[in-house]
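Asker: Residue strings, one per chain:
Protein chains: 2
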Amino acid sequence: MGKIHNFSAGPSILPDTVFQEASSALVDFNGLGLSLLEVSHRSSGFVDVMDSAVSLVKELLEVPKGYSVVFLQGGASMQFAMVAMNLLREEGSCGYINSGTWASKAIKEAKMIGDAKIIASSEDANFNYIPKGYTVPTDLDYLHFTSNNTIFGTQFSSFPTCQVPLVADMSSDIFSRKINVEDFGLIYAGAQKNMGPAGTTIAIVKDELLGRSGRNIPTMLDYQTHIDKGSMFNTPPVFSIYVSMLTLKWLKNKGGIGVIEKENIDKANLLYGEVDRNPLFVGTAVKEDRSLMNATFVLNDESLKDEFDKAIVEADINGLKGHRSVGGYRASMYNAMPIESVGACRCIMSNFASKYGN
Amino acid sequence: MGKIHNFSAGPSILPDTVFQEASSALVDFNGLGLSLLEVSHRSSGFVDVMDSAVSLVKELLEVPKGYSVVFLQGGASMQFAMVAMNLLREEGSCGYINSGTWASKAIKEAKMIGDAKIIASSEDANFNYIPKGYTVPTDLDYLHFTSNNTIFGTQFSSFPTCQVPLVADMSSDIFSRKINVEDFGLIYAGAQKNMGPAGTTIAIVKDELLGRSGRNIPTMLDYQTHIDKGSMFNTPPVFSIYVSMLTLKWLKNKGGIGVIEKENIDKANLLYGEVDRNPLFVGTAVKEDRSLMNATFVLNDESLKDEFDKAIVEADINGLKGHRSVGGYRASMYNAMPIESVGACRCIMSNFASKYGN
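The listed protein sequences correspond, in order, to chains A and B. For the first sequence, the positions run 56 to 413 when the numbering used here is used. For the second sequence, the positions run 56 to 413 when the numbering used here is used.
Looking at chain A on its own, in the form it has when it is part of the complex (with noise of 0.2 Å):
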């Protein structure tokens, strides 16, 4: 069998090498003569690779001093609730731009925790675009937006600037740009896109906005907890932090974000450049907020899908079917993928065009 071109929205394509070192380490982990999965999270081999995990988010990224890094479980779905839990204070209030469905998520979560509400929306047009030109009141605890819309294909190219603490779910573009930290208050990424295999979530927190809400906060849910004890108060998902500290250290040698950043600006191009000119195809997000890791695009000529599903099929093409909530299609394009991968897209709608382009 040939090479697989992965679009899967995630989980989804890791670099190959970290899947071979990965199903070595399932065998004999650090060649102790054990399997990665059955040695204790506190061993010195693992402690290893959590510290140099850590280390990796914290030089990739750049992360300032005052900012811890942590390794949670839960996904980015358990943070919706904990951002709330650990930064809104008793009598305060938040604020959510609204731009998409994991963003409409995290707002009900805060909703039922305090008061949270809806500076931007941009729900009027299907989330096809990213909200502007809002006010953000500056006696909010917070402002939380998602960085990337995975499913409606767009993408804040810059962030809001406000006075309050900005908190941005990353999940889906997390390590896959250049971005300052020091003007966030708290980050927060499900591993399952850019930085590893689903079961581990991270967030950097800006220290002092913590211990400010007057809540009681469960141990698990308190990210102080997990920033004391260096995200080991209790026993770590081992596996998924594995891999990702694997694809962290195969983002570095590869040259960090500004490299990568490159390339998936030149993978973007590559496919957006293809849906404006294909007469068969139109992308559903306003151009200006295309997502570089998500392109979402539907036929013309609905009648033709049979057809293009075929062809998909043919090229070895996995995971390009659209979300439902907009139809068509969705060519996620993270860190790992070739741009022969997107090359090979590219290919079957120009050869569909040249078919049935008139």
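Certain hints may be false.
Since the list gives no way to pick one copy over another, a pair counts as held whenever it fits inside one copy or between any two copies.
Claimed, not checked - Subject to a maximum C-alpha distance of 25 Å in a straight line, what follows is the list of computed DMTMM-like cross-link-like pairs (lysine to aspartate or glutamate):
| hint | residue 1 | residue 2 |
| --- | --- | --- |
| 1 | Lys160 | Glu114 |
| 2 | Lys163 | Asp283 |
| 3 | Lys163 | Glu369 |
| 4 | Lys172 | Asp277 |
| 5 | Lys309 | Glu395 |
| 6 | Lys166 | Glu145 |
| 7 | Lys120 | Asp106 |
| 8 | Lys365 | Asp170 |
| 9 | Lys376 | Asp106 |
| 10 | Lys233 | Asp71 |
| 11 | Lys365 | Asp83 |
| 12 | Lys160 | Asp277 |
| 13 | Lys58 | Asp103 |
| 14 | Lys342 | Asp71 |
| 15 | Lys187 | Asp283 |
| 16 | Lys166 | Glu146 |
| 17 | Lys187 | Glu395 |
| 18 | Lys187 | Asp103 |
| 19 | Lys163 | Asp277 |
| 20 | Lys410 | Glu357 |
| 21 | Lys376 | Asp83 |
Rather than coming from a laboratory, the hints here were simulated on the basis of the structure. This structure is a prediction, so every number in the text was calculated from the model and none was measured.
Assemble the complex: chain A is given as a structure, and chain B must be docked to it using the hints.
Answerer: Coordinates of chain B only, in the frame set by chain A:
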């Protein structure tokens, strides 16, 4: 390198065949040409894995109608708060048996949420026995206990009888012996002993107990969320669930809980037989409450420690060091541990007595 005898308390030994199968799936899952880690959790391949994992739990434990099985994240430590959030009514109270470190942590979390009473405790003797002879108030929302105390080497050989729903943390002995699920309101267990790698936790919940607490529960912490969505409300910890499924299949193929229980008794008898016979060692738990999973023992003469530790290393024995709360040694003998490894441990203890016993 020869076979390592892995007595680690958790994460801990799993079957060799499981490590091999998991290792292969990281490179090619189900012959798809894709790694297990890069396929969508909504793909038919992984949906089958999840279905099998849930079915195997139900089959092996003979889970009756009226109970749901879910795979969660966050470890048993997250359950300490979740149990109380879901089952403790706003104006109600709940009871706990304090049999060790993990029970104490569960109590701390429940107290943050509502009225949690300690019904019995063995703290007076450094938790070296299982509390008995207590009375359980009939108006509790539930009674919580820890079926096996990994750190102190004690285990409930029979379960509390009472008129209120029983909640058990079975993290370190689930799937090791027959239980009657019908006797319980809720059972939970972190995977990383007898079920799989760290990163997932199962809960077996009596459906009728849910929805009564009157509390506003964050979506991710509400058992009903995960029941309604078949453990797929958000991206589940794919890999940990996959390996759990493989381990449960291994157990089923071996003959199920009846067969493994007999093996576990044989292994424990072999080890404790040596502890009791050997003049150099003494067990730390009272005999009638000894754990079949974790045997704790200390040297009578601490000055022999360095010599015995050397013998451990020379025999390729890993993870025998006791927890700091008890000191000495702890032999964790989970399902996947072959009796030969217990024999190897017995052998060095016996040889050590021949050398230093007089």
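Asker: Each of the hints needs a verdict: does it hold here or not?
Answerer: Results of checking the hints against the structure:
| no. | hint | result |
| --- | --- | --- |
| 1 | Lys160 - Glu114 | neither (31 Å within a copy, 35 Å between copies) |
| 2 | Lys163 - Asp283 | between (29 Å within a copy, 18 Å between copies) |
| 3 | Lys163 - Glu369 | neither (42 Å within a copy, 57 Å between copies) |
| 4 | Lys172 - Asp277 | both (23 Å within a copy, 24 Å between copies) |
| 5 | Lys309 - Glu395 | within (17 Å within a copy, 46 Å between copies) |
| 6 | Lys166 - Glu145 | both (12 Å within a copy, 20 Å between copies) |
| 7 | Lys120 - Asp106 | within (17 Å within a copy, 45 Å between copies) |
| 8 | Lys365 - Asp170 | neither (49 Å within a copy, 61 Å between copies) |
| 9 | Lys376 - Asp106 | between (38 Å within a copy, 23 Å between copies) |
| 10 | Lys233 - Asp71 | within (24 Å within a copy, 43 Å between copies) |
| 11 | Lys365 - Asp83 | between (41 Å within a copy, 23 Å between copies) |
| 12 | Lys160 - Asp277 | both (20 Å within a copy, 15 Å between copies) |
| 13 | Lys58 - Asp103 | between (33 Å within a copy, 24 Å between copies) |
| 14 | Lys342 - Asp71 | neither (32 Å within a copy, 52 Å between copies) |
| 15 | Lys187 - Asp283 | neither (38 Å within a copy, 37 Å between copies) |
| 16 | Lys166 - Glu146 | both (13 Å within a copy, 23 Å between copies) |
| 17 | Lys187 - Glu395 | neither (35 Å within a copy, 67 Å between copies) |
| 18 | Lys187 - Asp103 | neither (44 Å within a copy, 43 Å between copies) |
| 19 | Lys163 - Asp277 | both (20 Å within a copy, 14 Å between copies) |
| 20 | Lys410 - Glu357 | within (16 Å within a copy, 83 Å between copies) |
| 21 | Lys376 - Asp83 | between (37 Å within a copy, 22 Å between copies) |
The earlier numbered hints that this structure contradicts are 1, 3, 8, 14, 15, 17, 18.
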